[in-house]
Every structure is written in structure tokens, then in C-alpha cells.
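A.B. asks: Sequence:
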Amino acid sequence: MKTTLMMIATIVATGLSGPAYAANCAPREAVVDRLASKYGESRQSMGLGANNAVIEVFASSETGTWTITVTSVHGMTCLVASGQSFETLAEALPVDGDDA
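Counting with mature numbering (1 follows the signal peptide of the UniProt record, and there is no 0), you get residues -22 to -1, 1 to 78 for the letters of the sequence shown.
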């Protein structure tokens, strides 16, 4: 999961200034309020990405919806991905030499 988030963070942080993201960005407070009120999503995890962008995963345990956002140092939050069937996992690293 960390590797996936880091890849997404790198891809998004390098392209945040592009016009394709403009329609999916708003001040962070507005995005968080919308995710909570319309989808029942709350923050599940977060991390720091490229260019000090904050990567967050929001999800709802009731509906299973999820959203990944990136917030720039200027406070603009952009939607990166969203979907359904969110599950919380706590997987252990595989043991070296274990092919399972």
C-alpha cells in the first residue's frame, strides 16, 4: 500500500499544475466537507509525497467508497482516484524465501 501511495504521489505531484487537474481541485476544507457529507468518508491514512504534497485516503466503512486526494503546500486539494469496496488491511511482509 505504501509503495502504491508513493507512486501515485509522485505521478500526481509532478502534474498538479496541469489543466486536467483544475476541475478536480478545491480548497482542502471544501473537499473534506464534501467527502464527509455526500459520501460519509473520513480520513483513513495519510503520507507525505513529492514536493511536500500531502496524500490522503478517505473512505467509508458503511458504503465502501474511497477517495485518494493530494493537497499541495498552497492548500489546494485535488482528487486523484476514487472507487468502491474499500477494505482496511494490516498485512505482514512476506518472509524472505517464502514463495507463498
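Calculated directly from the structure, the hints in this document are not laboratory data.
A hint or two may mislead.
[As the list claims (entries may be wrong)] Simulated restraints on C-beta separations:
{"hint": "1", "residue 1": "N2", "residue 2": "M24", "range": "30 to 40 Å"}
{"hint": "2", "residue 1": "K16", "residue 2": "G75", "range": "18 to 28 Å"}
{"hint": "3", "residue 1": "T66", "residue 2": "A4", "range": "42 to 52 Å"}
{"hint": "4", "residue 1": "A14", "residue 2": "H52", "range": "21 to 31 Å"}
{"hint": "5", "residue 1": "T41", "residue 2": "A68", "range": "19 to 29 Å"}
{"hint": "6", "residue 1": "E40", "residue 2": "E69", "range": "19 to 29 Å"}
Where a beta carbon is used, it is the ideal one built from N, C-alpha and C, also for glycine.
A.B. asks: For this structure, which hints from the list above don't hold up?
C.D. replies: 1, 2, 3
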